Amino acid sequence: MIRTAVCAAIAFGFIGAAGTVIAQNNKTITTVVKIAGIPWFNRLEEGVKDFGKSTPGVTATQTGPAEADPAQQLKLIEDLVAKKVDALAIVPMDPGALEGVAKRAMERGIVVVTHEADSQKNTQADVEAFDNAAYGAALNEALSKCMGGSGKWTSFVGSLGSRSHVQWADGGAANAKKHAGMVLVDAKNESLDDANKAYEKAREILKKHPDIKGFQGSASGDVIGIGRAVEEAGLSAKTCVVGTGLPSQAAKLLESGAVDGIGFWDPKNAGLAMNKVAKLLLDKTPITDGMDLGVPGYNKVIVKKGPGVGVIIIGRADVIADRSTYKQYPF
Amino acid sequence: MKAILRDPQLNFLVGVNLLVLLSATALSRGQFMDPYNLQSMAAQVPELALLALGVMLSMISGNGGIDLSGIALANLAAVAAAALFAPLVSPEDAPVLYSLGFAGTALVVGLLGGLLNGTLIAFVGLPPILSTLGTQLLFGGLSVVLSNGSSMRVPSAPPLQALGNGDLLGAPVGFVILVAIALALGVLLKYSPFGVRLFLLGTNPKAARYAGLPQRRLLMGTYALCGLLAGVAAVLIASRNLSVKWDYGRSYLLIAILIAVMAGVKPDGGYGRVICLFFSATSLQLLSSMFNFLDVSNFFRDCAWGLLLLLFLAMSGHTFKTIGIGRLKGPALRTNAPPTQNPPASSSHSRG
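Quick note, the sequences are listed as chains E and W, same order.
Just so you know, we're using the working numbering here: the first sequence kicks off at 1 and counts up by one.
Just so you know, we're using the working numbering here: the second sequence kicks off at 332 and counts up by one.
The following block holds chain E by itself, in its conformation from the complex (with noise of 0.2 Å):
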């Protein structure tokens, strides 16, 4: 008896707890993300629900795994390709394990949009925030005015296998050229996405280089660990350090000065651009080379053959900020 009440009591409250009405009309496209919950993708989602908001006509959702598992991803994905969404806008956590999935998913008749994903095969169209050379060049570029055109400065990776890393440093390079005054030394330091081990190599190259003028960093530790290294070396005023890097983490380093520039894209017009994306392909509209999507960093795309079946489409949503402009960003 006692169990029958309980029973009862559970499907109510299933029923209770997910009393949502779903909206037939509309187009829907999920957003699906790495993992939900965290400051990068919550960002995002203002974007997903902002595009919502502005367009008649679509339902627009984000979701995403409570861990960071691919697995969790691809169950979850499984389950929208079953619910039959109108389309799919992905943040692959591993393109590979999506790939069978994204195909399931095309066959069915949903649109694949993806971001940060190049690799990905199975998808219609992937949407990079920028060209890696462009943002690499637009770092130094911001480095090169700290120095004031002329000193010694060096790069950092987050390892030499880490492809964007190697692309930005190699666009920073060749941006510096530009510059007479500017002299690479000890390129490319591996700093394996650790700002500790970033601090040390700083400390290093501050020992061997005494009158080093740039840094400019790739993993999103590197200004963390070099800003230290800068910072206790008292040479924040001397020596300039801008690269790769989250306004949250980089805050207290911007404002001592340590650190003079960070370089990222916001994940709110990102997660815009996906969905936009994602409209025109269910619009059957196609996407031409230098496209406006309407979205800050994305007025003139460049579009691409991909390596599967769909196109690349690269922004220029890079944003470099210093301390006076990156409290605008709040992740």
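Keep in mind the hints are simulated off the structure, nothing from the lab.
Bear in mind the structure is a predicted one, so any value in this text is a computation, not a measurement.
Glycine included, each C-beta is placed from N, C-alpha and C at the ideal position.
None of the hints are false.
Per the computed footprint, the stretches of chain E lying under chain W, defined by three or more beta-carbons under 8 Å from a beta-carbon of chain W, are:
1) 61 to 69
2) 74 to 84
Pair ranges (Cβ atoms, derived):
3) E:Gly290 with W:Ser628: 31 to 41 Å
4) W:Pro486 with E:Gly294: 36 to 46 Å
5) E:Gly57 with W:Asp498: 29 to 39 Å
6) E:Ile302 with W:Asp498: 39 to 49 Å
7) W:Asp365 with E:Ala133: 42 to 52 Å
We have chain E already, so just place chain W on it with the hints.
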């Protein structure tokens, strides 16, 4: 038939399955019952259910038996097959040989890993939780070495593809394999000398030793079976995703244990039913898919799983109490129990 209905565990689990299926169908306006969705869910169950079967076997063996290395071993088996076997045979020229060899390599690696666990536990005498924790790290490390830490593509061949994505009379092949394995294991546990002895060993290891049961051989067999199950999971993962990675499914470990505990497998050993485990696995899958269908956060899903487990424990609470009392009366009482799969306290269920 009456005997089947008398197991409250099974009734509870089947009830949960039906309840979730019905409420999900009602809430999604029938969409949930779409054949595609049923197939999709059936295709998702096997990897986890196979690993949970391994956890169940190790728990039944008693003496703190548990297998924490399941998913790590499955990943190692898949990575080893992709890294060591796949380059040897061309999937285009010899698709059948390639597929068989790929699956064979994964199964052999799984078996070897299981034998290693068995050796550590049965012969070296390490506690299962520590030795499988150790091998979990070892298997993970080996997969990183073999794959360089990145995900590896598995070249596809039609037979391998059929395994991962094909249907057999409308049911996904992986699901059919799971059902076949579950049936075989059920028969093995219930009717073979191995199964009967394993339950005895789990119920009271000391009495089992004095009765002259080949303890080491039993443990060895149990963990070898666990490894083999991980190998089968590896083949299914590789054939479905066509990509393998050392840290795939790192959340599976705890979910597999959750499935086993919810199926009423006793962590102290000596009791566990394959059919309960099967329905326990499907109920979690149904619940998870329902939440995904209704756009409910994945965090809530974890919370619901936890609630379900607590509810289950509360409902079987008096069973655990009776077992506790039985233990106070002395172990001799428990060893006298017939070697069936029912817990010693099963008689108390029929009253409820």
